[in-house]
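Visitor: Modelling step: build the complete structure from the supplied sequences, incorporating the hints.
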Amino acid sequence: MKWLKSEIKQRQHLLPAFFYGLRKYVLVILVCLFMAGMLTTFSTDTVRVAAQKKNSCAECHSKLEGRLGQPSKLFENDIHNSRGLSCNDCHGGDPTKDDKAAAKSPYSGYLGTPGPTEIASFCGKCHSDASVMKKFNPSLRVDQVQEYYTSVHGTRLRAGDKKVATCISCHGNHGIRKSSDTQSTVYPKNVAETCAKCHSDGDYMKEYGIPHDQYEKYKASVHFNALNEKNDLSAPTCNDCHGNHGAVPPGITSVANVCGQCHSRQADLFRKSVHKDVFDRMQIGECLRCHNNHAILTPTDDMLGIEKGSVCITCHSAGKGFQAAKEMRSSLAAIKRRVSEAEELLEQAERAGMEVSHPKFELEDAIDSLTQARVSVHSVSVEELNKATAPGLAIANKSFEAGLAAFGELNFRRKGLAVSLVFIFFLAALIFLKIKQIERPAKEAGNDGSPDS
Amino acid sequence: MDTNGPEKPSRRRFLDILLGTSAFATLGAILYPVFRFMVPPQIVEAQQNSVVAAKTSELANNTGKIFKFGSKPGLIVRTDTGEVKAFSASCTHLDCIVQYQPEAKNILCACHNGIYDLAGKNVSGPPPRPLDEYAVNVKGDDIIVTKT
Amino acid sequence: MKTEALKLWFDKRLGISSAVELAEKKEIPLHRHSIWYYFGGMTLFLFVVQVVTGILLLLYYRPSAENAFESVQFIVTEVEFGWLIRSVHSWSANLMILTLFIHMFSTYFMSAFRAPREITWVTGVFLFVISICFGFSGYLLPWNELAFFATKVGTDIAGVLPFVGDFMLRFLRGGDEVTGATLTRFFGFHVAILPATTTVVLGIHLLLVQMHGISVPPGQEKESVKKMKFFPNFFLRDLIGWIVAVGILAALAAIFPWELGVKADPFASAPAGIKPEWYFLFMFQTLKYLPAKILVFEGEVIGILAFMLGGLIWLLVPFINRRTDSKKAKVVFNVFGGFVLMFIVVMTIIGFLD
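Here the protein sequences come in this chain order: A, B and C. Note that this note's numbering has the first sequence beginning at 1, numbered continuously upward. Note that this note's numbering has the second sequence beginning at 454, numbered continuously upward. Note that this note's numbering has the third sequence beginning at 602, numbered continuously upward.
Watch out, some of these pointers could steer you wrong.
[As the list claims (entries may be wrong)] Below, a list of computed lysine to aspartate or glutamate pairs in the DMTMM-like style, where the Cα atoms sit at most 20 Å apart:
| hint | chain 1 | residue 1 | chain 2 | residue 2 |
| --- | --- | --- | --- | --- |
| 1 | C | Lys626 | A | Glu364 |
| 2 | A | Lys434 | C | Asp839 |
| 3 | C | Lys864 | A | Glu364 |
Hints in this document: simulated from the structure, not taken from any laboratory.
Guide: See below:
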């Protein structure tokens, strides 16, 4: 340090000369300083931060309490948000303006909160425009709004009813998720609950004169069970039968067509049967007459026949229909009885020690036949039913025979055993006698095998 | 010398004859099942591992046929290119018997509208898994299907 | 005359007259414990039954995981009298091991292992071990659930041994797990290796018995004890026993047929309460009672080593017991034998009741 100080002191007198020497480079130095300043101020980070979409809507509304603060919070999970869309893409307005009046001025195209009658067109602005949707999800349909106006909701809305469902009633308004998102209000498992929001509300639905117990009934059904308990996403919920945007109850003469989308065999048989014309004429509602529309329960064999609990006797008390019901039921009962007899016999044979796994296995095909028979009930033709039960009955009979054969074999074995045991013990006795014979006189003469005799 | 002294020769002989016959009979009763066992039974093989599903002459292009594989149903399909494929015909949803649809060129289960493609893969409807595929061998006019 | 000429013809070529002479001389001592002399021959007879029925089963059985169960099912359902041959084979195996136990313990308590019969005893213990191996390997062959898991547990126990455990496990299983490879290997043991070994060891055992004759227990005086000729007297009695055994086997096969079970599924979980065959039960039950850790060692390992040590002592009994006339030695050996027998019996019963 001391050395440095002395060095500087030695050269101090040279300082002014140093700067004097630099005078030609003053301009260069000034330009460099200027550029450095500019670059610092306008470096990429700063530029980016400045260019990031300013969203004055979110900035203000996220600070608000209650209803006005909700949208920006919900929008974080919205699918439109994740696609880069923002408040102004739907509501209009100028998100770059901090001033409320400027942001929401009519010149900025601000639309405000759409009323119920405006919502469909509000959403349809994009969702009905194929050239717009192509940019985001080319496979999405663009006719939802069109369909909507064919629905009960849409037609009533046009007639002035503001209570009906619009897009946002089912899809939500700011936290809209894809229908494949499990948290979406329109995810298959959640659809029924979404519809029930209005349709199960007795007070809300009072003026319409339609029942409001559909959701309760649906929850008791096999379809609900399949969808929610067994996680079979192909099981139907409200929209599968009623349509989703064009929601309307299926016509009373087209119920079979709707159910037949999945239950094609039954629907086919029904349509070919004598019931179709009769039901349609009497406006009975096809499938739902016997199976109900919402509370569709697991069908049982008791539904068929002429005993208490059957659906046939609600119309038929005598005549051809009555006879047919009786015969069909007894035909089903016959095959069930035969199958259980065969099962019982084979179980017994197995317990007795016989090997009957093959016939038991084949008997399962008879169960298959029983299932087919239950489907063919929908033809309400005794002939059709018997065609279905015939193979199963044959299998059940064959299995029963196999059971009898097993017992026959068992008896054969037991008899065979008895006979051979007789032989065996007879022989043993004879050998015993032989021993006695060899040794008896020898005992007297000393010949019992001892070497001394 | 008769060491079995006072015993009457005839009685001794009787016992010997009886003994011999009885021994012979018992031996026979033991050997009979042994020999019957060794004779091959009618059904010679333990398991139906392979079966002749159809004749090539019977199975036209773009048709399907149900056949019995042991006690389970099988489906044999001849595509329109002539390739033969075989699957288990038990639908993986609820065991109904599937069928081949020539117009749609796929496999349908009519119970709940389940659809499988020609690789046996479940493409639509309730079926949770593809159909089991079997190996196909064509020997002359016979189409032989074997469980893999 | 014809028979005489025939005998002479064979004798000139095969030299059987000397064998016939020896056979004529063979005697059985008669005393109040003579009843036990039947059990050696009975075990031999049941072994012959096993060989015959086993060879018959070989005509139809298939030793692969895919086919084994089905082939046994085939034998029992399709082949004529298949049910009989199969059930006799399974029942006779158990009966044979029972008579073997009786034979082994009766010779022990009658001190038949005394000089000069030490090697007879040793070969006998080897035969006992071989028979257990026959039972263990044969049990797996039907490839049903019970058999599969019994084999898994059994080979697991073998794997617990120190040093050689891992090797033993892989050697027995033909791999790390019980698979089709295990089945094929066990089949090889059961129909080739063990029978070949038995032929040699059994041959020596029987030869030695003929050479030394039937031993007389120490209580009975060797000179004054009554004797019975083996041919035809004792042999005919033996024969009655064997014929009755055939009857018993036939009855068991017809009235209590051996079950087929459920086909083994390596991916299924073990059914509750698996137990090995009754002749392993006493060891299995003992291992269950041992605590998980004894000092620093695993309880199971100590248990198995203890059993092996016990087996070794059992094998070497003739060499430990030198002073055969000493009353004290006799008491000690009887007590030891009695303890072993009681232990096995009690543990087996508890194993059944568990």
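Visitor: Hint by hint, say whether it matches the structure.
Guide: Here's how the hints hold up against the structure:
Taken as a hint, the lysine 626 of chain C and glutamate 364 of chain A pair is broken in the structure, with Cα atoms around 67 Å apart against an allowance of 20 Å. Under the criterion of a C-alpha separation no larger than 20 Å, the hint pairing lysine 434 of chain A with aspartate 839 of chain C is consistent with the structure, at around 13 Å. For the hint pairing lysine 864 of chain C with glutamate 364 of chain A, the CA-to-CA distance comes to about 19 Å; that is within 20 Å, so the pair holds.
The structure fails to meet hint 1 from the earlier list, while all remaining hints are met.
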